[in-house]
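Peer 1: Read off the chains here:
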Amino acid sequence: MIENGFNRRDFLKVLGWGGTAVALSGCGNTSIENGKETVVSYVEPTDYQIPSIGVYYNSTCAQCDAGCNIEGRVREGRVLKLEGNPASSINRGKMCGLGQAGVQAHYNPDRVTEPLLRAGTTTENITWEKALATINDKLNGLKGEEIAFLTGGVSGHVKVLLKNYLDVLGSKNHYAYEAVSPAVVRASNKKAYGVEMPRLHLDKAKVIVSFGADFLGAWVSPVHFSQQYAQFRKGNRPEGRGVLVQIESKMTLTGANADRWIPIRPGTEGILAMGIINALGVGVPADVAAAARDYTTDRVSKDTGVSAEQILGLTELLKARSPSLVLAGSAAEGYSHGSQNAAAIALLNQVLGNVGKTMDAPANVQFAQLTPTTGNSLALNDLNDVMAMGKLKVLFSYGVNPVYTAPDCLKLKDNLNKVPFKVALAHYLDETAMEADLVLPLDSALEDWGSSVPEYMPEPQLSIQQPLMENLYPNTRGVGDILLALLKQRHADQYKAYEDFYSYLRGAFVQNKAALGGAGADDDAFWNETLGKAMVKLPGTAGSLSGKPTVAGLSLPATKASEGAYPLRLIPSVSPSQRDGRHANLSWLQESPDPLTTVVWDSWVEIHPKTAAKLGIVEGDIVEVTSLSGSIKSQAYLFPGIHPDAVSMPLGYGHEAMGRYAKGTGANVFKILDPLFDKETGELAINETNVRISKTGKRVVIVKEEGPNGGSQLGRPKIAVKVSSDKVDLSKEV
Amino acid sequence: MSVSNLLENWSKFRHTHPVGDKGHPDWEAYPSEIKWAMSIDLDACTGCNACSVACYAENNLPVVGKEKYSHGQAMHWMRIERYWDEDKREVPNQGAQFLPMLCQQCEAAPCETVCPVGATNHTEDGLNSQIYNRCIGSRYCSANCPYKVRYFNWYDYPTTENVWPAPMEQQLNPDLTVRGKGVMEKCTFCKQRTYTARNNAKTEGRKIHDGDVQTACQQACPTNAISFGNLFDPESRVAKQWEQQQVELIKEEQEKDVKPGNNLRGYRIFEELRPYPSVMYLERVRESDV
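Chains L and Z, in that order, give the protein sequences.
Each residue of the first sequence is one higher than the one before, counting from 1 in the numbering used here.
Each residue of the second sequence is one higher than the one before, counting from 1001 in the numbering used here.
Keep in mind the hints are simulated off the structure, nothing from the lab.
Calculated cross-link-like contacts (lysine to aspartate or glutamate; reagent style EDC-like; alpha-carbon spacing at most 20 Å):
#1 K727/L <-> E1255/Z
#2 K718/L <-> E1255/Z
#3 K671/L <-> D382/L
#4 K722/L <-> E1271/Z
#5 K513/L <-> E459/L
#6 K357/L <-> E196/L
#7 K663/L <-> E1067/Z
#8 K1256/Z <-> E1271/Z
#9 K1251/Z <-> E1271/Z
#10 K138/L <-> D437/L
#11 K413/L <-> D674/L
#12 K722/L <-> D1257/Z
#13 K671/L <-> D414/L
#14 K610/L <-> D1085/Z
#15 K488/L <-> E499/L
#16 K718/L <-> E1086/Z
#17 K1191/Z <-> D1175/Z
#18 K1240/Z <-> E733/L
#19 K1148/Z <-> E1272/Z
#20 K1148/Z <-> E706/L
#21 K1148/Z <-> E1081/Z
#22 K1202/Z <-> D1175/Z
#23 K548/L <-> D287/L
#24 K1066/Z <-> E619/L
#25 K718/L <-> D1087/Z
#26 K1240/Z <-> D729/L
#27 K204/L <-> E1287/Z
#28 K418/L <-> D437/L
#29 K1259/Z <-> D726/L
#30 K418/L <-> E145/L
#31 K722/L <-> E1272/Z
#32 K234/L <-> E1287/Z
I would like the entire structure built from these sequences, with the hints used as guidance.
Peer 2: Structural data, given as structure tokens:
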């Protein structure tokens, strides 16, 4: 080309029309000079930016609290796809659909892009200077107890800055709220084992009995557990192929993969656990045996609806195949006696001698200031009470959407309006941001800096989240930068060394490099290497679990007969992709069928065909689900994987705001939950609401993946084939 | 290109076709050293949908929305089918059965023979390719596909509202096209990835090694249920699996299935129709004595 007289510089200039600049400016440029300020010259190319070559940068997934380590594929300055980081001990190169949809959260068309100030009914875009000054004004003269932060689970250096800021304000009001969290199980684990979240070894168990723990779908760290599960299912490990028994009232993704799925009357999980302890007979400590004495197989069978044959069969299986692993999950904990259920299940696990074999203690991590503050739903109740009393003057919210996730009966929206100044740090104009007086637009997780320590990790580690591309919008900011700016308002001198959150984060890592495995290394070299991996090992000491079963305080209520006006139990389900609704505006997830019902783009009411027949309901009937606290409407889906006394609806749908894909899609189950709480922890008892179902007379065709024949293979011999384990030899498979 | 030209030069347009089994003299003459194939372990598959989302991200699949979905116009190249046992039990007490369904890349593909313009094509590495700019949208291929894994662009999705609203189009993978209205599309076994891997190997003057290329679905799968590779490379995991399960490519009935009492779980869907699919499934296993 040079020989031909084609000007090389011009050629490169044309080549340089790559990346963000081109994509933003489109094809509207009429001359080469148009938009020249955005031309990237590749005469001196940015490191690792080669046109048409994708480069991978490591970071950390922020889509849920599992904190998987990821790598983002970046080409011409744009991030295209997220993949798992093979070096991670959490997800080992794998990734779930929710995590992969992180790119859609980043490129989402409905992100908030400018700081917004609401005054009365008007909303205006303001500058960051004005936004921060407004916050400063509003905070001036306030006492610490009049200021509060409502966040989701936080960890890492954002947690540190948040704590510093609250200290500066003299406030102790940090409410960590998660609408869907294993908070009851955490508390029960703490009592039974001495730690909130023991490390599990599914891959070492011969039998897993899971009381509603959806570890393959939406529980704690699903991608990590899925990998363990794959090992558990292999025939060529010393323990042989594992057997999974799932006990729950509504089939979860994990239940759908069980060797035996046992539908249980809602809320009686603890009784079944005690029944199994009683049936075990030998090897049970005397005090436990005494406590379990009343749980005879006949009584337990009557209470739980599980046949005596099945209880004894399960007991035999657990006796014959050890070690096993018994798990309590969200289905068992969402009752007013949820703590008791979880305690009984933990007791069974201890009696079986699994502690130390298939379950052990997480390491004690140094740097407690970085370890996660996990969220629960009690925090929202507490905050709600404080707001109702009119004590709060300024409320910050970050990473939560309580106006959407709080049940109507809490009257959260009314109480929120008693707070004169509400600041929402938000990605979308969701329900909570719509109520806020000041909305601060956040960087996406792919634009922001951060560090995090996941709650569940096989080995102690500190993960780094780093920008995978330049900001899409000039006026969004990272949460760390916002906190730093707010801190500088108060203590400019202490933070003046840090121009931004990046320099703070770098400073924090470099300062501590000796403890993070970089002793003696050059600062830059250490930091670059750390960034390259986007994770460092944290020093920790081995922890220990308490294996001693204790029966003190254990009492399981007899099952209530269902009440006349509200005869069915409502079990809100946590779907692997929708979770608590924070990602409802990601179109891939809306179009990704629910694994079990295959429904897309809407919510549904799961009813057992027997119950539906009694009520005269057929698929697609729009039914009204009414509880004491309210009612919602949705389409009925006849589903065999649910106890006939229960109905189920997925959480996460039915947004009134947030964005084009979320708004108006489905119905919000959170709204109609009754104010019933776990007696010990105060957590919302999410499965305790009773409802009645009535037909509205309307009917729709359900939009779903499965065909008109439902899940039938129409007698075809070889489509999805299942084989009994005695018919195959898995031990020598590749 | 005229139809007469096409018919006269059929072999040119349809590069290769099945030529026999291993051991058959023609096998050695197979024009390529590569035959891409897959195996999917249904026992490991949990039905989580991670593969399907990965496919959307990798292959620029449009999100069609509720209404078009209800018309059967979803564009999921990789979809999870969910089946229940048909034993008239009141509750499915052995769970559900999940089946990831994608183009089976048949060696004797029913879709290829019916294309009036030679747009459905067999490549030398054993894929059914779709030549978008040759496709006239007759949809014969889709009608003839027993697996229903071909997807037609009924709309011009790039200009359809809320499919890729700005700035979502920035996520699109530049390694492959965004298909326009009136064109059939389907799973390509991540053609852009196999192509890059082949080029890299060629540059380095070596053959493709197992692990050089992962499909997007395989890469995402949390339980490693999917393996993908070169069936002609005896060292590849997929070849070992096919060998061990005694599943042979050019067979409409496997010898092991004729003999009773084998304890192997490899099978192919609709094998009896003679499409010679390149995807082997491994039966889901459920414990017999609980």
